[in-house]
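Given the coordinates of chain A, work out where chain B should sit on it, guided by the hints.
First to last, the sequence lines map onto chains A and B. In terms of the numbering used here, the first sequence opens at residue 1 and continues consecutively. In terms of the numbering used here, the second sequence opens at residue 1 and continues consecutively.
One thing to keep in mind: the hints can contain errors.
Heads up, the list lumps identical chains together, so a pair's fine if it works in one copy or across two of them.
[Stated by the list, open to error] Derived lysine-lysine pairs resembling DSS-like cross-links, with alpha carbons at most 30 Å apart:
1. Lys6 <-> Lys161
2. Lys6 <-> Lys160
3. Lys50 <-> Lys196
4. Lys50 <-> Lys199
5. Lys196 <-> Lys6
6. Lys199 <-> Lys157
7. Lys157 <-> Lys196
What the hints contain is simulated information worked out from the structure, not anything from laboratory work. Given the structure is predicted, the values throughout are model-derived calculations rather than measurements.
There are 2 protein chains.
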Amino acid sequence: MFSIRKIITISDYVTMLNIITGLLAILLNSFSLIYISIIFDSLDGYVARKTNTVSDFGAELDSISDVVSFGVAPAYLLYSNFESTLSLIAAVIFCLCGALRLARFGILNVKGFIGLPIPAGALLLISFCQLINSNLINSILAILIGLLMISDIRYPKYPKKTFICIFAFSLILAIIGIPYFTLLLCLIYAIYGIVKYYKR
Amino acid sequence: MFSIRKIITISDYVTMLNIITGLLAILLNSFSLIYISIIFDSLDGYVARKTNTVSDFGAELDSISDVVSFGVAPAYLLYSNFESTLSLIAAVIFCLCGALRLARFGILNVKGFIGLPIPAGALLLISFCQLINSNLINSILAILIGLLMISDIRYPKYPKKTFICIFAFSLILAIIGIPYFTLLLCLIYAIYGIVKYYKR
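Okay, chain A solo, but in the shape it has when bound:
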């Protein structure tokens, strides 16, 4: 009756936690839950590699979960915070670009990333929204991040262990309501790609 159980691996359960927290972020209007989604999103790939359970099903589920947690949820929080026509348009552009970015990622096989990865884009947008209470600035930022996501700008995969520890620490701070460090790290990452692109 439910043979789907046979193809669900341990890493897919972690991805499912990403979907659940992403959806709850929307339903409960919570920034913290998106930060928690990021942790599950980082973990699922790690668990898949460690347990040797990388699968096509897992990759599909990953894209699907990412659009919920890092496309729809930030767009919803942006709009629900400001409820203006501008934030509505910006939310749609952000989510649409995120979806295009995910679909392109699903078919590309390149080293690193082309276009700002959607989790980084989501983090940048929501940490900014939490800190700066401006409809205009946040809406423009959402549109710019959207364009960065579908651009040809190359971004490196997230680097060494030291960075991951700093990033994890910044996420914990963000979950308890202090998103400054997350914002700073994502801003550096986003700008790094742009500078490198124009320096070529």
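Frame of chain A, contents of chain B only:
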């Protein structure tokens, strides 16, 4: 700078309309916009075949758009209508099962469908929510539809032209606030699969 334009075909633009209306259904708390999403979802495959633009990118984008319009949006409308713990749990189960259904569909290559297709599940849930104002009934229904989506029950592809015309007509009625016929058609479709499964 935006070479992604080269891989976007005319049918992908239709899929993008599906994402936009699905997201707007969430942001504006609108049932009608989900019915409109269904129209774009039915159209994109048709346009892709007619214009010979079926692509991996299009298939990826399709899954991603479906989880927004037929997973998150109905879950959001269910919860926002009742705002109870039960509807919260039901919304999560519905969306999660929808995501699993989409990921499985992405890797399977079989005739017909295994598990209730997510657009049919979404239509059934939202038309019911619109007509029956009961937290308990709608929450239980959402969970049952979720289970149907991840079940092994086989469903036929939507049949001949006559049916499509009736379905299109029922959708137009639903968009203007009369979802009875859509509910009836989806209910017949959902029950047909169950009866056939147990009659084997």
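Here is what the structure says about each hint:
Within a single copy, Lys6 and Lys161 get their C-alpha atoms no closer than 33 Å, and across copies no closer than 37 Å, so neither meets the 30 Å cut-off. Neither within a single protomer nor between protomers do Lys6 and Lys160 lie at most 30 Å apart by alpha-carbon distance, with minima of 34 Å and 34 Å respectively. Taking CA atoms no more than 30 Å apart as the test, Lys50 paired with Lys196 passes in neither setting, with 32 Å inside one copy and 42 Å between copies. Taking the shortest alpha-carbon separations for Lys50 and Lys199, neither the intra-copy value of 37 Å nor the inter-copy value of 44 Å comes in at or below 30 Å.
In this assembly of identical chains, Lys196 and Lys6 lie within 30 Å of each other by CA distance solely across copies; the values are 24 Å between and 45 Å within a copy. Only within a single protomer do Lys199 and Lys157 lie at most 30 Å apart by alpha-carbon distance; the minimum there is 19 Å, versus 52 Å between protomers. In this assembly of identical chains, the alpha carbons of Lys157 and Lys196 lie at most 30 Å apart only when taken from the same copy (14 Å versus 49 Å across copies).
Of the numbered hints stated above, those contradicted by the structure are hints 1, 2, 3, 4, listed in ascending order.
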